[in-house]
Every structure is written in structure tokens, then in C-alpha cells.
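J.: One line per chain: the protein sequences are A and B, in this order. Residue numbering for the first sequence follows this note's numbering, starting at 1 and increasing by one per position. Residue numbering for the second sequence follows this note's numbering, starting at 162 and increasing by one per position.
Hints in this document: simulated from the structure, not taken from any laboratory. Think of the CB as a built atom: it goes at the ideal place given N, C-alpha and C, for glycine as much as any other residue. Wrong hints could be hidden among the right ones.
Here are the simulated distance ranges between beta carbons [unchecked claim]:
(1) Glu6/A x Ala346/B: 30 to 38 Å
(2) Glu53/A x Ser221/B: 40 to 48 Å
(3) Gly295/B x Glu17/A: 53 to 61 Å
(4) Pro27/A x Phe372/B: 23 to 31 Å
(5) Phe201/B x Lys122/A: 44 to 52 Å
(6) Ser26/A x Phe201/B: 27 to 35 Å
(7) Lys140/A x Thr220/B: 33 to 41 Å
Listed below are the simulated DSSO-like cross-link pairs for lysine-lysine, each with C-alpha atoms no more than 27 Å apart in a straight line [unchecked claim]:
(8) Lys38/A x Lys504/B
(9) Lys153/A x Lys310/B
(10) Lys419/B x Lys310/B
(11) Lys419/B x Lys168/B
(12) Lys153/A x Lys451/B
(13) Lys501/B x Lys155/A
(14) Lys419/B x Lys467/B
(15) Lys10/A x Lys153/A
(16) Lys467/B x Lys10/A
(17) Lys501/B x Lys10/A
(18) Lys39/A x Lys25/A
(19) Lys419/B x Lys47/A
(20) Lys153/A x Lys504/B
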Amino acid sequence: MDEILEVLEKDARLTPEEIAKMVGKSPQAVRNAIKKYKKDGVILKYKTVINKELARDDVKDVRALIEVRVAPQKNVGFDHIAERIYQFPEVSSCYLLSGGYDLLLVVEGKSIHTIASFIAEKLAPMEHVRGTVTHFLLKKYKEDGDILKGKDKDKRLAITL
Amino acid sequence: MKYRISKIAQQIPPSGIRVFFDLVLGMKDVVSLGVGEPDFVTPWNIRESAIFSLEEGYTSYTSNKGMIELRREISHFLKRKFDLEYDPEEEILITVGVSEAKDLVMRTLLNPGDKVLMPEPCYVSYMPLTALAGGRAVYLHTDKNNGFKLTPQQIDSAVDARTRVLFLNYPSNPTGASYTKKELARIARVVEKHNLLVISDEIYNELTYDFAHTAFAALPGMKKRTVYLNGFSKAYAMTGWRVGFACGPAELISTMTKIHQYTIMCVPITGQIAAVEALKHGDRSVEEMKKEYRRRREFIVDGCNKLGLECHTPQGAFYVFPSIKNTGMTSIDFCSQLLKKEKVAVVPGTAFGPSGEGYVRMSYASSLDNIKEALARIGHFLATLP
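Looking at chain B on its own, in the form it has when it is part of the complex:
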């Protein structure tokens, strides 16, 4: 049967690395640095609170915006950590991970043809979600020479009459790059100058290693221009629970809630209850995990550089993004051969946009033993290249 598929859906390019992914998933005993989630399980106190809630019979819908207890906890947390002030009644929406939040905010902000600036390489969903909402993604190239960071000049010269939104993600998946308060302040000036709105995906904010994380919305004058996105997946090792949140001006959150109400209704209650526990008693676990990641980061950066894969030190998240250019191979070739010959999985940089060519993403959300083993195998692989 010939189906008539939506034109917009058709225009989204298929993921070019699906084949590679299937190859990895079909192979046994792979040493993987290709995983984009913590290697810790959710801390027990959080899991236990969810189990208890089920025993107690908490199985119903919640308010569309999410449980008020959770929104209040988020509000306290943001005040305490990042000096952000959001009203739990009007300015916070609980979403199915940051993924849903991104979709909602795009649909809320964009009209057909509106342009969205985004750094590239970047997380895979930004461009497709922009397109689905009728907008046009404009990639701003970053590379190792600028530490994979956007410069204010770059943004300034990319803006035209149709530019509405700047998408930020720091610390970044896949590059680990983050911005200091000063750097953000300079970006804020350009945002102000061109009357832009900012969608700031700060899901990795707890995993910032070299300086304190600054929320974009906490900069003077930026709260009214920013939709702040965050969630529980990375900091609390809660990826499978799918709980995130969006904070922003009441008018935007209310439109986002309207869409959310018709598409999702509400985030599963068990996850929301677990999230409350995470915020109430999770600080210590976060600190422990962060310490561990930081040590692995030093280890893997050093390891890559010693192997001749030039690697900048990422300021956050749990990824390194070393260059493989001196092998003369394309990213996908490098990754496929590494997988076939040494059974090590890393992600081709091109999964995250054209500027990712010549790079690979390695995750250090993996035990130190695994990282050592992977580095040794990569060393062997490089030594056997012609």
C-alpha cells in the first residue's frame, strides 16, 4: 500500500548512523564508550520512594503541569543552586524529559520560516524538532579551535530578520563544552541587541567541573528571554524515568502546558514522586557521582592525547570529543573499523552534525576498568592502521 506521509515528516533526514547503531547492538562483548547515560543506577532512596508510592496506591493522573510538590521542590532547588526564581504555580512545567520540553517550546515559539540558531555539533534532536515546528535550523559551526563554543560575533553575524531563537546547550552533549559567566554575559548582550529568545538546555548543569555553572536565565535581563530546560536524567541517573522540566515566563509556560495537556496529559506519577525524593535527599549522591566523573575525565583526556587523538578538556557532562583527523579516516569509517577490529564502540562525530566530521564522541560514564580497556584497544587499533 502506498501511504501518503506528511511532507514535514519526510523532510526530516533519516539518522545516518542507524546502521552503525544496529551493528553495535547486534554485537556481543562490546566495550562501549558509546553510552549517553550514567553508568550508575538511580540511587536507592529514590527507587525506594517510587516503590513505596506504588504500594500506597499513587497510580493516578496528576495535574497537567505536574505535581505541585515537585514544582515547589524545583523552585527551591533552582533558587538554592543557581539563584533562579520561578513561581511553581505559573512558571514551571514538568515534562517527559527535556526531550518533550524542547518539542513544546519550539512549537510554542516558532511560526513557519522562523529561524533558530544552534551551535553545531549539537544534540541530535534540535534540528528535527525545529523543522517539525515549522522553523529553520541555522547551524553555527564550532570546533576544537574555539573549544566548541559559540562566540558573540558568530551569533551577531548569523542573525537576520527571521531569526527568533538561540538554542544553547551547556555543558554540551556531545562536546562537553561549557561557558563561564563572563562568556555567557557577552552572549546575553547579543541576545538583547537582536531581541532574541533563548532556549537553554542545561540538563548537564550539575556535571560542571572547572567552574560554577551559571544558568542563562540568571543573567541580568535574561529571565524574560529564556526558557530554561533541565531534568533528572543525568544528575540523578534517572534516564529511564523520563522526568524533565521547563521554566520560563508564565505566558510561554502556559502555551507549552496547553500543548502538553493534549499530547501527554501528564508525566507518569511514579517518576514525579521519585523526582521529589531526588531533590529532597539527592545532593550527596550527585556529589559522589560528580567526583567519580571528574576523575575519569582527567584519565580519558590524558589517555586520548597520549594515543595521538587530540582531545580538549571538556568542562562538563561526561563526554570527550577527540579529533581523529590524523588517521585520515572519516568518523563513520573510524568507528565501524574500531568496532569490527577491536569491539570498541564510540559514536561518530557526524551523528551530531557536519562539523562533527573528524571527531568521535566517547562517554566516560563507564567504569575506569572499561575506559582503560577501551583505550588499550584503541591504541592497538591505531598501531595497526596502515
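In isolation and in its complexed conformation, chain A is listed as follows:
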């Protein structure tokens, strides 16, 4: 991966000037590269990683992982049915997997009931869907490489030779 992307993936708030210093290019070159990445859809958007375990919400979103078995369709395989499923805003992630089932969904909702009704009313009755298994998520420890704890303190002495 281009070093500009590598650097941005770690910290999206870096300015082109700062990135330029770090990767040894001119700020203009970095700006151009980022522009092109955005245009090509390589850079989709910039987000903030929030540790929701610590963000004190009154109502916490419920999450579930749903295994979905589907019957593939002629010519389009799984893509068509996947698209019909992932368009629902409740679905935050959708993967096609090898193994005992086909699609793995991450679904978010306000409560267990919201998710249950999504499955019962939308997902399960869908044509080509052969079955679902739902796992409710109890606790998140680590997500996308980030450990969801409070910030670690620097344990080093403030000055050493």
C-alpha cells in the first residue's frame, strides 16, 4: 500500500504538509495523491474511532452477528442476494465466507427486539435465504486492531539516558 495511505489509515487528521514530511514528498504531491484516491474511491471517507464502551449512552445499541445460509443464483452467484441484504441500514457489515454458511452479517439495532423483528420480517422471509443463526454480542474487547480499554498510561520514566 502507498505510504500516504498507510499514514492516513493510522491518523486521518494529519495535514498534507505533515504527511509530506513523514513520507518525504512535497505537500502538493501528497494533495494530488489524496485527491486522486478520493476520486477513485480508494479513500472512501474519514471517520473517528469511538470507544462506545466508554461513551456513556443512555441507550446502547445492540449488535448481533448473523450467519445466513443462502441459495446461490444462476449467473450472479451470491452477489445479488448479498446486495439485497446489505442495502438495509441495519446491516453494518456483510461478508461472504467459506465454510458452513455463506454470509456473515453484523447488524445493529436499538434493542434485541429491533434486531429480532429485522430478522423475522426482513431477512428470514427473503427469497433464497435458507436459514439464519443469530449471535448477540455481549462485550467488545478489540475492534479493527484497537483494544477497547481506557488509554494506556506511559509507564516509562519521563527522562532516561
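Place chain B on chain A using the hints.
T.: Just chain B now, with coordinates in the frame of chain A:
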């Protein structure tokens, strides 16, 4: 009670910056670029292997030289990385960090009055350890004009009948300077000419950014003249484990082992087991850390220069050594005032010898956010100087 303290111990000058250090350590919320160790914790696979070893009951002494598994891994590693060939049975000794190794090698090589050449500014322990072993340290001045590097001419003209040893440390703490293979080859010729031995402290060798690191012992004819020192602290973020090693001619290693056997016995087994894991599965972590350091290096060098603190680009380690001469302040004044006014800690260059006057050492083993914050505060500090 009046104690009679050893004369040799008394002759070691007290560290002049202890007071400054205490000041830093007593202050809260300091943004510190004064830390001489990685800001990463030891990679988990290494920590996990140590925990497992404790569960399994590995709590005993090891062989004085260190576990043979570890010495074998080191031997493979040195061959693979630096084309060095050391026999794990006879030519490698595991030590309590490079610090112990330096002490052992000095005591092994020096007789009273023998001289040891060393570049300066240099790491704080070289001179005292030379003195403790009965030798005399001879400082060879380096500064920003020669990129803080020794020249062969400098060594050549410093040698006299009592000169026995040349001490090298590259990449250098505190200057970050390192040597290319060509530059080392020229130094090797002077070493040969004057029949010197070389103690080469290459603890930062994995953190070399602009060219491949060349081990001094890998140069033609130099293996028999070199004691190569390295350890796990910097590359694997294992400072607190205290594991290092010395490699050299069997006769020297055997004498070093003799001293080590009576003073240390052996390096703690848990650290040795962790070190084996580091060598077996640590390459990826090292690469990741190195990448991160390199980016920060570009950032901090540029930042210093923009603030008017002239800063050469160091080729390795994780330190920059900018000049503060245009402030007209001494290093210790600069650092004390910066600490008091802006709560930023950097190390006075004079901690590393008289040639460090007019410089400070800043470590970029610190998060980018920290570096940015420190640079902003230093900018503010400079702007408020009369």
C-alpha cells in the same frame, strides 16, 4: 561515620545533570522528549512466551554464558542479517544488557593506564567504565560539521603507545549518527595500522534508516579485532528485560565469561526465553516500529529546523541532536528553562560530554501527537526569549 571510599570510584565524576533529572521526574504533566527507550511495549508474542515459561516453571539458573538455544538463535540472526559468523558455543555471551557487556569487555582488555579512544558526545557510561577498569578515556571531538562522525585521520593522530582500544557506537546515542560501509572500511584501515581492538556498541543497528547497517566485525580482517555488542532493548522494545550479548574471539569471550560468572552468574532466565521468541518471531514487529520511527524522524528534523534549531538528519537510532547555539544559552540553561516555562523535557547535550555543549538531545520514541505538542511549546518558548 567517615567512610573510606575507593579512590577509583571517587574519581568518577558525578553525573552533572542529576539535579535536572530530579526536576523532570518531580514535575507532573511533562511532555517528554527525554526518554531513551522505545515508546512501544514489548510485542505481545514475546511477553506471552515469558508468561508461559513462568507457568511451565522455568525459574532456574541457566548456563553462565546464557541458554544455548538463545546463543544459537543469535548466531543465526547475525549470519542472516549482518553476515557475521559467531560460534554459539565459544564466541557468544549473554549479558545483562549491553551495559554489562561494556563493563566486562573493558575489564577484560584494559591494564592500568591503557587508553581507550571514543567519539564524543557519546553514551554516558563509556568513560566511567573505562576508568573503573583502570583505563583512560580519550575523547575524540565530533560536531555537526562532520555529522558527529569520527574521521580516520582523527583516530590516526590520537593514537599513542598506550592506545589499546577504539570504542564505536553507531547508530549513536545521543547523535543518531551512523557510518556507511565505506566509512567503516577507512576506519578499519587505521585500526589495522595501529593494531587496535574495537568495541563496537551496535545496540541501535536495527534502527538504521538511510542505508544498510554494516557490522564492524563483518569488515575484512576485523572479526579478530572486534567485540561486537548488541541487545534486545531497542529493536524489540525490551529495555526492562535487560538482555544483551557480546560476540568476539573465543579467548576474549572466555575471559569475559569468567568475570560475568563471578559478578552476575547468569542473565535471568525469563528474559532469555523472551529473547529467543523475539529472534524467532520478532522481525515483523521490528519492521513496523522502524517504519514509525522513520516517519517521526522526518517530522522532528523538519520541525527543529523550522524553529531555527539547526538539526542534521540522523541516520539511525531515535534521537535528534539539534543545535541551540543561536539562543546564546548553555544546554543546561536551555533545558531547565524549557522545562520550567513550557513543561517540555529534553536532555542537555552536555550529559554526553563537553562537545555536547550547545546541543540538546530529543527523542522521537514518542507519539506523533507528543512530538507536535513539544515542538509547538518549544516554538513558544523560543519566541518569548529576550
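J.: Compare the structure with each hint and give your call.
T.: These are the hints, each one checked on the structure:
1. Glu6/A x Ala346/B: 30 to 38 Å: holds (36 Å)
2. Glu53/A x Ser221/B: 40 to 48 Å: Given about 42 Å between the Cβ atoms, the range holds.
3. Gly295/B x Glu17/A: 53 to 61 Å: Holds - the Cβ-Cβ distance for Gly295/B and Glu17/A, about 55 Å, lies within 53 to 61 Å.
4. Pro27/A x Phe372/B: 23 to 31 Å: The hint (23 to 31 Å, Cβ to Cβ) holds, given that Pro27/A and Phe372/B are roughly 27 Å apart.
5. Phe201/B x Lys122/A: 44 to 52 Å: holds (46 Å)
6. Ser26/A x Phe201/B: 27 to 35 Å: holds (30 Å)
7. Lys140/A x Thr220/B: 33 to 41 Å: holds (36 Å)
8. Lys38/A x Lys504/B: violated (40 Å)
9. Lys153/A x Lys310/B: This hinted pair is violated, its Cα atoms lying about 37 Å apart.
10. Lys419/B x Lys310/B: Violated, because 34 Å separates the two Cα atoms, which is more than 27 Å.
11. Lys419/B x Lys168/B: Holds, because 25 Å separates the two Cα atoms, which is no more than 27 Å.
12. Lys153/A x Lys451/B: Holds, at roughly 22 Å.
13. Lys501/B x Lys155/A: holds (22 Å)
14. Lys419/B x Lys467/B: Measuring from Cα to Cα gives roughly 52 Å; hence the hint is violated.
15. Lys10/A x Lys153/A: This hinted pair holds, its Cα atoms lying about 20 Å apart.
16. Lys467/B x Lys10/A: holds (25 Å)
17. Lys501/B x Lys10/A: violated (33 Å)
18. Lys39/A x Lys25/A: holds (20 Å)
19. Lys419/B x Lys47/A: violated (60 Å)
20. Lys153/A x Lys504/B: Cα-Cα ~18 Å, so holds.
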